[in-house]
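Undergrad: First to last, the sequence lines map onto chains A and B.
Just so you know, we're using my numbering here: the first sequence kicks off at 1 and counts up by one.
Just so you know, we're using my numbering here: the second sequence kicks off at 1 and counts up by one.
Chain A is nowhere near these chain B residues, computed Cβ spacing over 10 Å in every case:
| # | residue |
| --- | --- |
| 1 | Ala27 |
| 2 | Val28 |
| 3 | Ile35 |
| 4 | Ala37 |
| 5 | Gln69 |
| 6 | Leu96 |
| 7 | Trp104 |
| 8 | Leu138 |
| 9 | Lys248 |
| 10 | Asp270 |
For lysine-lysine, the following BS3-like pairs were computed, each having C-alpha atoms within a straight-line distance of at most 30 Å:
| # | chain 1 | residue 1 | chain 2 | residue 2 |
| --- | --- | --- | --- | --- |
| 11 | B | Lys107 | A | Lys204 |
| 12 | A | Lys214 | B | Lys107 |
| 13 | A | Lys308 | B | Lys107 |
| 14 | A | Lys47 | A | Lys63 |
| 15 | A | Lys308 | A | Lys325 |
| 16 | A | Lys204 | A | Lys321 |
| 17 | B | Lys107 | A | Lys280 |
| 18 | A | Lys280 | A | Lys308 |
| 19 | A | Lys214 | B | Lys200 |
| 20 | A | Lys52 | B | Lys107 |
| 21 | A | Lys214 | A | Lys63 |
| 22 | B | Lys107 | A | Lys31 |
| 23 | A | Lys204 | B | Lys200 |
| 24 | A | Lys51 | A | Lys63 |
| 25 | A | Lys189 | B | Lys107 |
| 26 | B | Lys168 | B | Lys136 |
| 27 | B | Lys200 | A | Lys51 |
| 28 | A | Lys325 | A | Lys204 |
| 29 | A | Lys308 | B | Lys200 |
| 30 | A | Lys52 | A | Lys63 |
| 31 | A | Lys63 | A | Lys31 |
| 32 | B | Lys107 | A | Lys54 |
| 33 | A | Lys204 | A | Lys189 |
| 34 | A | Lys52 | A | Lys214 |
| 35 | A | Lys31 | A | Lys54 |
| 36 | B | Lys248 | B | Lys168 |
| 37 | B | Lys107 | A | Lys51 |
| 38 | A | Lys189 | A | Lys63 |
Hints in this document: simulated from the structure, not taken from any laboratory.
Cβ atoms here follow ideal geometry from the backbone N, Cα and C, with glycine treated the same way.
This is what each chain is made of:
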Amino acid sequence: MAIIQDMMPAFELFQPASVNDALALVNRYGKDAWVMGGGMDSLDWFKDRAKKPKVVVDLGQIKELRGVRQQGDGVEIGAMTTLTQVATNSLIQSRYGLLAQAARKVATPQIRNQGTIGGNVSQDTRCWYYRAGMQCYRAGGNICYADTPTAMNREHCLFEADRCVAVSPSDTAPALIALDAKFVVRNSKGERVIDAEDYFIGPKVDITRMTVLKPGDLLTAIRIPGTWAGARFYFEKLSDREAWDFALVNVASAMIVEGGTIKQARIVVGGVANRPFRLKPVEDSLRGERVSEETAELAGQTAIWGAKPLNHNHYKVSLMKNLVKRSVRGVKV
Amino acid sequence: MEWFRWERNPWGQEILIGLSWDLIWVAVAAGALLIVAHALLYYWRWRVAGAATISRTLPCSELVEPINQLPEKILRHSVASRLFHWVMAASVLTLLFTAFLPIWGVKFSWVTAHWIAGLVLTAAIIFHIIHASFWKGLSFMWISRQDLYGRWMTVKETFGSAVEIENKPGKNPLENKLFHHVVAIATLAAIITGLVMMAKIDTPWWNRNPYVLSDDTWGIIYIIHGAGSVALITLIMAHLYFAVRPEKRWITLSMLRGWIPRERYLEHHDPQRWPVGEAARRDAAASVASETEG
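Using the sequences and the accompanying hints, generate a full structural model.
TA: Dropping the structure here:
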């Protein structure tokens, strides 16, 4: 159980100046090392004393991890680029407005100035039972406190629950998956490039992690190919407050539409599963269809097929249905 | 090394949440030790006492008369028994792999496969209990005074004493019976607690509710489940080791084809304690006939 206080437990702080130095540190300390981006997720954990790492590796001093660069017909975004930089970058605004819009929707201006794109996609879930330090499945215990007859689970998942019912809280992750981004992960053995969709893992595979990152791994960059540049985008986030809040449900879609007919589509919903939930059946059903009210309605209906609401989150079913419907019908971005 | 895993519950109480996974390595080490010890003992007996002591064959004069009265193939395991064995083997291996590989770092979607294999094992064991109680007869697995005496004679013989009394087992030697009973305890412990754990998953018949038991009781359930599962690692290592030993191959083969050669029957079993009656002879003949047709 977390002890809510502002005094963090002691840890050794490292601020490496290069990726190689950072890799050497995370390799040396393994599970004892905590990799910190902007600190927006990390400091909460430390202050609540729910996570007590021996070593914190702060990536804030590594210049090579910052900035947006053109790469071929796409872009590469350093993992330590702040969300404000992502949201205001002209290249991203002009070609990948979906990501700019999603980044603009994260929390507050202060948090976006400090929080990073790498941290936003790699942050831990916000399930309050877990964040409070309860020993649930995700924390290594034998129970999910959020899925019991008396649990408060208004913010929890509709899909892919496997013991844990927490959701992925990121706003930028659905947008990056919709843009078919690639995540560059480095460790002491080398570099690997992972599809954004595969970067996130559900509890079926590993209940204690949200992403493929293991001790010793660093997310160094995110590459977005040119495939979806300038496509028809839609992003919408619904939360209890307009700002400084996590999404109850968000949706990101990218569609290539020619003459009113959908040629290709990628639609991803956040806040409904342990990882950003890509709607492949909906994407398949949209291919070759005309953009119309009927098509949008059908997409919404298809999207919620298989949803299993918990005690207090039935509202998410209709929320998700309508967001998907609007993403197909509307032009918001 | 720790024996148990402890956590702090939302009310600040220290609670047991299960067996320490360090014990997996203890189980593997115990299994390896048992295998090495047996292999060394076997080698020592072979060197000191000679092959005749450890691989006993009867002289022809002792075989001629009984052989004429016996079918060529003696039925040792019926189709039902073999089916149970292999279903149990498949489900137990599935359960162990789906349970322990994720702990060892091999991450995959294991929960559904685990509980389905658990239900298959439960059904197989219920079938086995009914089959053994009403068809096979429970006496085949009882440990008798004769079993204990026979094993004691073998131990004495191993360490060099002259043993004159020929004491062969019935259908199942003492070690088989002991192995069966230990496996039964470990498996029943794991599946009974596993069935209780089904309260924690949603099924078509009920929604999961972890509050049906207190934290402490769940801790005990998890410890028993873990202990049964970890014990099965050692037991299966030993079982596989003996199954592949050359001198035990005829027993292993009998679990595939059902029968043993009559020579082996006479060499290793006491016909008084495991009589091959008319029914058994008919079964053996039918089994052989069906194989011939196949």
